[in-house]
Amino acid sequence: MKPETIYEALVHAPDDYLDSAQIAMERGKRRMGIRRAWLLAACITLSVAMVAVPIASYVIRANDPLYDLPVMKIDHEMLEGVFSNAISMDEGNSSATSNYESIRVSDPQYLYLNTPPQTQYIPLYSVHRKSYALNQDEFSAFAKPRIDRLLTAMNVRKGNVSESEHEYSSELSMSVEGYLGSSPYPRVQINANQTQNSHEIYLFPCYTVKLEGETILLDQSKSDEEIAQSMDSIRKKFNAIFDEDFTEVSVKRWQSSIFNQATQQNDPGIFYSIEFHNRNELPLTEGRLWQREETDYIRISFEITSYRAGATAPLYAIRSIVYHKSRIPLEETYQLEGKAEMLSLQKAEELLNQGVCFANNVRCPFCHPDPLPPKNFTDYDHVGFSYRFSTDFNNEKANESIVIPFYVFYKYRETDENGLLIYDYTYVPAVEFEGIEEYFTG
Amino acid sequence: MEDTRIIELYNARDEDAIRESDVKYGKLCYAIAENILKSRPDSEECVNDTWMRAWNVIPPEQPLSLRAFFSRITRNLAFDRYREQQSEKRGRGELPLALEELSECVAAPHDTEEEVELRALGKAIEMFLDELSPRERNIFLCRYYYTYSMGEIARAFGIRENYLRNLLSRLRKKLADHLRKEDFHL
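As you go down the protein sequences, you meet chains A and B in turn.
Note that the working numbering has the first sequence beginning at 1, numbered continuously upward.
Note that the working numbering has the second sequence beginning at 443, numbered continuously upward.
Hints were generated in silico from the structure; no laboratory data involved.
Be a bit skeptical, because a hint or two may be false.
Said to hold, decoys possible - Which chain B residues stay away from chain A? Per the calculated CB distances, all over 12 Å, these: (1) MET443; (2) LEU451; (3) LYS469; (4) TRP497; (5) GLU543; (6) ILE595.
Claimed, not checked - List time: in silico EDC-like cross-link candidates among lysine to aspartate or glutamate, alpha-carbon distance up to 16 Å: (7) A/LYS375 to A/GLU101; (8) B/LYS466 to A/GLU200; (9) B/LYS565 to A/ASP148; (10) A/LYS325 to A/GLU349; (11) B/LYS565 to B/GLU487; (12) A/LYS411 to A/GLU349; (13) A/LYS237 to A/GLU248; (14) A/LYS210 to A/ASP245; (15) B/LYS466 to A/GLU26; (16) A/LYS237 to A/ASP148; (17) A/LYS144 to A/GLU163; (18) B/LYS469 to A/GLU26; (19) B/LYS565 to A/GLU349; (20) A/LYS2 to B/GLU543; (21) B/LYS480 to B/ASP445; (22) B/LYS615 to B/GLU573; (23) A/LYS73 to A/GLU434; (24) A/LYS2 to B/GLU594; (25) B/LYS565 to A/GLU434; (26) A/LYS347 to A/ASP296; (27) B/LYS469 to B/GLU487; (28) A/LYS222 to A/GLU212; (29) A/LYS29 to B/GLU594; (30) A/LYS325 to A/GLU432; (31) A/LYS375 to A/GLU434; (32) A/LYS411 to A/GLU101; (33) B/LYS565 to B/GLU594; (34) B/LYS469 to A/ASP19; (35) B/LYS466 to B/ASP445.
What the hints assert, rightly or not - On the chain B side, residues computed to face chain A include the following (Cβ under 7 Å): (36) VAL465; (37) ASN490; (38) ILE500; (39) GLN504.
Just so you know, even glycine gets a beta-carbon here, dropped at the ideal spot from N, CA and C.
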């Protein structure tokens with residue numbers, strides 16, 4: 001059979017299919033015309049463009065009556081695997097929830113809230129975590145040139161190399177010789193991870209790192225934007241080392257109070273993540289940096305704390321440097337599936353007050369042996385927005401799941417001894433769910 | 443003007459039917475022809491031939507969708523002209539690429555054509571299209587029926603070209619599997 005035969009036979013496709021395809025094409029062309037005009041206007045307000053554009057781009061598309069995604073029926077089974085924690089509605093205390101997490105920040109701006117979109121329909125994505133078998137040649141081709149360039153840039157030599165194989169990953173671990181930093185045991189680790197379909201290069205613990213003679217430094221007194229600008233030279237150096245072209249720099253900071261065994265006091269722990277990446281064109285936004293599975297990245301994690309050395313003076317250190325590279329195109333993992341009717345904020349608040357709330361994965365029983373006291377989120381202080389997806393790979397359904405949007409409600413609790421503001425936060429689905437009552441009462 | 447009104451003009455042998463057809467569907471037909479032929483004069487000629495063909499078959503044909511009806515005529519005319527150009531070694535445009543992609547669905551394209559009933563194959567392809575999601579179907583037809591370029595399709599559907607290539611590759615494989623199941627010899 002010739003390919004021309006199939007081409008000719010397509011003429012017998014039903015009229016409505018042919019019409020639908022052409023209409024979709026025409027709508028798409030019209031939509032691109034609207035979007036270009038909008039993006040020109042968005043560039044004027046550059047200070048919020050980094051956060052606003054990914055959200056607003058799908059706000060416009062979802063509001064467009066010509067957007068031809070199917071409307072999806074969302075049922076409660078789709079919630080399984082997204083979060084591990086959900087509690088039954090407490091009839092005796094209907095405005096409280098014991099399902100929340102906490103965060104400490106020096107200022108509410110460091111909650112890094114995403115504004116909930118104002119739209120009737122919101123897109124949903126599916127995640128298809130196909131496992132592609134590890135390939136030794138591919139691994140070697142990825143690792144060798146990058147490691148060679150990294151060690152040269154750091155002015156160190158390769159040390160002992162050990163290999164290990166696990167069920168879904170293989171790992172090379174390499175010590176480093178000639179390292180002049182203060183870390184007692186610097187190590188370079190290269191992973192090929194089948195489940196995550198990624199290659200990763202880790203440096204840890206680092207404490208201080210020089211690339212081509214330039215020390216990676218962070219000035220805490222600077223704003224996030226100033227810190228990002230100061231990292232531009234390091235970004236370019238890492239791009240050259242890892243053969244990447246990351247153009248964006250994101251800065252996130254968070255704080256915690258950490259008990260110092262030596263002084264028997266709670267010390268402030270300040271953590272920064274500096275991330276080099278490209279603009280994420282998928283409108284998946286997170287309030288935390290470490291959920292960034294949707295882009296490749298280079299991440300430098302800093303900590304400023306005194307608890308490690310047990311000293312009274314804060315220790316400034318790079319904890320790790322991670323280069324994450326997906327083995328498959330991002331679009332093969334995240335696919336736009338359809339749209340669902342977005343829950344209004346008012347309805348979400350009603351669910352919140354009923355205790356229809358989710359938190360993150362099961363809390364560590366050693367860190368948190370006692371159940372959380374019920375908390376009333378009625379007079380919450382801030383609301384954000386976040387897509388969530390399953391990261392529990394022990395769940396059979398996790399490899400095929402739906403990415404679901406949530407409202408994130410924050411309520412101030414108290415200020416700790418280091419002056420950090422403690423916020424409790426919980427998640428409420430931002431889309432209509434059938435059977436959600438049964439999910440909580442079943 | 444509504445399709446039903448345009449068809450009434452054809453039935454009444456009113457030459458305004460052609461003018462109205464051109465106003466409503468001229469751009470679409472031109473785009474279909476141009477995707478295949480990449481030549482302005484050839485494409486314009488195909489569009490004109492489309493109206494002539496339509497004038498000759500309506501009545502008795504009473505198409506339910508003029509969009510689909512005209513696009514079929516223009517596509518067939520353009521494809522015939524493309525084959526003529528190929529025999530004269532003048533072929534160009536998106537069609538050679540689209541055909542090359544579709545050759546993945548056939549194990550071994552033969553120089554001498556096997557005897558295939560186009561209608562039976564068309565039915566099988568219709569069943570394949572039924573199984574796709576609306577979005578996949580639209581994308582598949584935009585590429586292999588309307589012969590739009592990868593770039594145009596990616597932009598219109600808001601996806602990256604890389605993703606589009608991977609998606610079309612998966613759909614072609616699905617088509618090949620489907621045709622084998624329907625006992626078509628590829």
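Run the distance test for B/LYS565 versus A/GLU434: straight-line Cα separation, threshold 16 Å. 38 Å, violated
Below or equal to 16 Å on CA atoms is what counts here, so check A/LYS73 against A/GLU434. 8 Å, holds
Decide if the proposed pair is consistent with the structure: B/LYS565 and B/GLU487, CA atoms, cutoff 16 Å inclusive. 31 Å, violated
Please work out if A/LYS325 and A/GLU349 have their alpha carbons no farther apart than 16 Å. The hint is violated at about 39 Å.
Does A/LYS411 pair with A/GLU101 here, judged by a C-alpha cut-off of 16 Å? Cα-Cα ~11 Å, so holds.
Taken at face value, is the distance from the CA of A/GLU26 to the CA of B/LYS466 at most 16 Å? Holds - the C-alpha atoms of A/GLU26 and B/LYS466 are around 13 Å apart, at most 16 Å.
Given the hinted pair A/LYS29 and B/GLU594, is their Cα-Cα distance within 16 Å? Given that 16 Å is the threshold and the Cα spacing comes to 8 Å, the pair holds.
Quickly compare the C-alpha distance for A/LYS411 and A/GLU349 to 16 Å and report which way the hint goes. Since the Cα atoms of A/LYS411 and A/GLU349 sit roughly 13 Å apart, the hinted pair holds (cutoff 16 Å).
Sort out whether A/GLU432 lies within 16 Å of A/LYS325, counting only the CA atoms. Roughly 35 Å separates the two Cα atoms, so the pair is violated.
Confirm or reject the statement that B/TRP497 sits farther than 12 Å, beta carbon to beta carbon, from all of chain A. Nearest chain A Cβ is 20 Å from B/TRP497, so the label holds.
Can the restraint linking B/LYS469 and B/GLU487 be considered satisfied, given a maximum Cα separation of 16 Å? 13 Å, holds
For the restraint on B/ILE500, tell me whether the closest CB of chain A is nearer than 7 Å. 15 Å, violated
Hints 3, 5, 6, 8, 9, 10, 11, 14, 19, 21, 24, 25, 26, 28, 30, 31, 33, 36, 37, 38, 39 from the earlier list are contradicted by this structure; the remaining hints agree with it.
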